[in-house]
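A.B. asks: One-letter residues, chain by chain:
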Amino acid sequence: DAKTTQPTSMDCAEGRAANLPCNHSTISGNEYVYWYRQIHSQGPQYIIHGLKNNETNEMASLIITEDRKSSTLILPHATLRDTAVYYCIVRARGSNYKLTFGKGTLLTVNP
Amino acid sequence: DTAVSQTPKYLVTQMGNDKSIKCEQNLGHDTMYWYKQDSKKFLKIMFSYNNKELIINETVPNRFSPKSPDKAHLNLHINSLELGDSAVYFCASSPSDRGRSEKLFFGSGTQLSVL
Numbered sequence: 033d034a035k036t037t038q039p040t041s042m043d044c045a046e047g048r049a050a051n052l053p054c055n056h057s058t059i060s061g062n063e064y065v066y067w068y069r070q071i072h073s074q075g076p077q078y079i080i081h082g083l084k085n086n087e088t089n090e091m092a093s094l095i096i097t098e099d100r101k102s103s104t105l106i107l108p109h110a111t112l113r114d115t116a117v118y119y120c121i122v123r124a125r126g127s128n129y130k131l132t133f134g135k136g137t138l139l140t141v142n143p
Numbered sequence: 038d039t040a041v042s043q044t045p046k047y048l049v050t051q052m053g054n055d056k057s058i059k060c061e062q063n064l065g066h067d068t069m070y071w072y073k074q075d076s077k078k079f080l081k082i083m084f085s086y087n088n089k090e091l092i093i094n095e096t097v098p099n100r101f102s103p104k105s106p107d108k109a110h111l112n113l114h115i116n117s118l119e120l121g122d123s124a125v126y127f128c129a130s131s132p133s134d135r136g137r138s139e140k141l142f143f144g145s146g147t148q149l150s151v152l
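Residue numbers (the working numbering), protein chains in the order written: chain A, 33 to 143; chain B, 38 to 152.
The hints are simulated quantities; they were obtained by calculation from the structure and are not laboratory data.
Note that this is a predicted model, so its numbers are computed, not measured.
Take these hints with a grain of salt, some might be off.
Taking lysine to aspartate or glutamate pairs in the EDC-like style, the calculated list, with each CA pair at most 20 Å apart, reads [said to hold, decoys possible]:
(1) A:K130 <-> B:D75
(2) B:K140 <-> A:E63
(3) B:K73 <-> B:D55
(4) B:K78 <-> A:D114
(5) B:K77 <-> B:D122
(6) B:K89 <-> B:E61
(7) A:K35 <-> A:E63
(8) B:K140 <-> A:E90
(9) A:K130 <-> B:E95
(10) B:K108 <-> B:E61
(11) B:K140 <-> A:D43
(12) A:K135 <-> B:D75
(13) A:K101 <-> A:E87
(14) B:K73 <-> B:E61
(15) B:K77 <-> B:E95
(16) B:K104 <-> B:D122
(17) B:K108 <-> B:E90
(18) A:K35 <-> B:E95
(19) B:K46 <-> B:E61
(20) B:K59 <-> B:D122
(21) B:K73 <-> B:E119
(22) A:K130 <-> A:D114
(23) A:K130 <-> B:E90
(24) B:K78 <-> B:E119
(25) A:K130 <-> B:D67
(26) B:K56 <-> B:D75
(27) A:K135 <-> A:D43
(28) B:K140 <-> B:E61
(29) B:K78 <-> B:D122
(30) B:K104 <-> B:E61
Stretches of chain B that chain A covers, calculated by requiring three or more beta carbons in the stretch to come under 8 Å of a beta carbon on chain A [stated by the list, open to error]:
(31) 73-80
(32) 140-152
All C-beta atoms in this analysis are idealised placements derived from N, C-alpha and C, irrespective of residue type, glycine included.
So that you can see chain A by itself, here it is in the shape it has in the complex (with noise of 0.2 Å):
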């Protein structure tokens, strides 16, 4: 699986859009990009995935280059409660069915 660089900590005032940017040079034709997030003392949750468009769902929209090579996970309205470490994978689909979660970034939402 392609290796993913993320800032280690970004900062974000409450009611703004949070826009958090991976880096996946390495990223071969069928690895999809996965977003999860862990807010504090919980399990990891799933926000997000896609191949090359564009996707939107009720929680985020995350935005890939053309050349796929990185990506960016966008929270329209940040809340305080989305203050949490998001992790940006990539993986292929139907491969060896695990996920390797990287350092992740660490968002802080401020009120």
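Start from chain A and add chain B according to the hints.
C.D. replies: Just chain B now, with coordinates in the frame of chain A:
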């Protein structure tokens, strides 16, 4: 209702003891997992079961033995506990066959402290 539930939430024990962590999911999923999160917060997969069949074993010491009595349960038994086993253990499940689903649902974790 909790979708993936683990018990106990906290477990404090002495080195050398044997302990078990239980996990149950009421989502009707086929695949269940155990992940370990160490003190540096790295989250690593340990095991995966699909319909009670082991499909992933990530070179975990054989002191760790998962047991799946049915597809809704995946328990983790640990023999001869060591200091390095101290971590948070997360159970997870996913809905599709052989773990191909992108959506894992995690439990709230069991914090194991070995003294």
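A.B. asks: With reference to the structure, classify each hint as holding or not holding.
C.D. replies: Evaluation of the provided hints:
With a C-alpha separation of about 18 Å, the suggested pair K130 of chain A and D75 of chain B falls inside the 20 Å cut-off, and the hint holds. Restraint check for K140 of chain B and E63 of chain A: the C-alpha separation of about 15 Å stays at or below 20 Å, so the hint holds. This hinted pair checks out: K73 of chain B and D55 of chain B have alpha carbons roughly 17 Å apart, not beyond 20 Å. Straight-line distance between C-alpha atoms of K78 of chain B and D114 of chain A comes to about 19 Å, which keeps the hinted pair within the 20 Å bound.
Pair hint K77 of chain B plus D122 of chain B holds up; C-alpha atoms about 13 Å apart against a cutoff of 20 Å. Proximity of K89 of chain B to E61 of chain B is assessed by CA-CA distance (about 13 Å); at most 20 Å being required, the pair is judged to hold. Straight-line distance between C-alpha atoms of K35 of chain A and E63 of chain A comes to about 11 Å, which keeps the hinted pair within the 20 Å bound. At roughly 15 Å between alpha-carbon atoms, K140 of chain B and E90 of chain A fall within 20 Å of each other, so this suggested pair holds.
The straight-line distance between the Cα atoms of K130 of chain A and E95 of chain B is roughly 10 Å, inside the 20 Å bound, and the hint therefore holds. Straight-line distance between C-alpha atoms of K108 of chain B and E61 of chain B comes to about 9 Å, which keeps the hinted pair within the 20 Å bound. For the given pair, K140 of chain B sits about 27 Å from D43 of chain A by alpha-carbon distance, which is inconsistent with the 20 Å threshold. For the proposed pair K135 of chain A and D75 of chain B, the alpha carbon gap of about 12 Å is at most 20 Å, so the pair holds.
Note on K101 of chain A and E87 of chain A: the hinted pairing holds, with a Cα-Cα distance of about 16 Å set against a maximum of 20 Å. Note on K73 of chain B and E61 of chain B: the hinted pairing holds, with a Cα-Cα distance of about 17 Å set against a maximum of 20 Å. Pair hint K77 of chain B plus E95 of chain B holds up; C-alpha atoms about 19 Å apart against a cutoff of 20 Å. Restraint check: the Cα-Cα separation between K104 of chain B and D122 of chain B comes to about 18 Å, which is no more than 20 Å; the hinted pair holds.
Using a Cα cut-off of 20 Å, the hinted pair K108 of chain B and E90 of chain B holds, with the two alpha carbons roughly 9 Å apart. Straight-line distance between C-alpha atoms of K35 of chain A and E95 of chain B comes to about 19 Å, which keeps the hinted pair within the 20 Å bound. Restraint check: the Cα-Cα separation between K46 of chain B and E61 of chain B comes to about 13 Å, which is no more than 20 Å; the hinted pair holds. For the proposed pair K59 of chain B and D122 of chain B, the alpha carbon gap of about 16 Å is at most 20 Å, so the pair holds.
Only pairs whose Cα atoms come within 20 Å are accepted, and K73 of chain B paired with E119 of chain B is accepted, the gap being roughly 14 Å. Proposed proximity of K130 of chain A and D114 of chain A is contradicted: the alpha carbons are some 25 Å apart, above 20 Å. Proximity of K130 of chain A to E90 of chain B is assessed by CA-CA distance (about 15 Å); at most 20 Å being required, the pair is judged to hold. For the given pair, K78 of chain B sits about 19 Å from E119 of chain B by alpha-carbon distance, which is consistent with the 20 Å threshold.
Annotation: proposed proximity of K130 of chain A to D67 of chain B holds, straight-line Cα distance about 15 Å (limit 20 Å). For the hint linking K56 of chain B to D75 of chain B, the alpha-carbon distance of about 18 Å falls within 20 Å, and the restraint holds. With a C-alpha separation of about 17 Å, the suggested pairing of K135 of chain A with D43 of chain A holds against the 20 Å cut-off. With a CA separation close to 17 Å, the supplied pair K140 of chain B and E61 of chain B stays within the 20 Å bound.
Distance restraint check for K78 of chain B and D122 of chain B: the Cα-Cα separation of roughly 14 Å lies within the 20 Å cut-off, and the hinted pair is therefore satisfied. Pair hint K104 of chain B plus E61 of chain B holds up; C-alpha atoms about 12 Å apart against a cutoff of 20 Å. Remark: the region 73-80 of chain B is confirmed as covered by chain A, as 3 of its residues place a Cβ nearer than 8 Å to a Cβ of that chain, reaching the required three. Given a C-beta distance limit of less than 8 Å, the hint that chain A covers the region 140-152 of chain B holds, as 7 residues qualify and 3 suffice.
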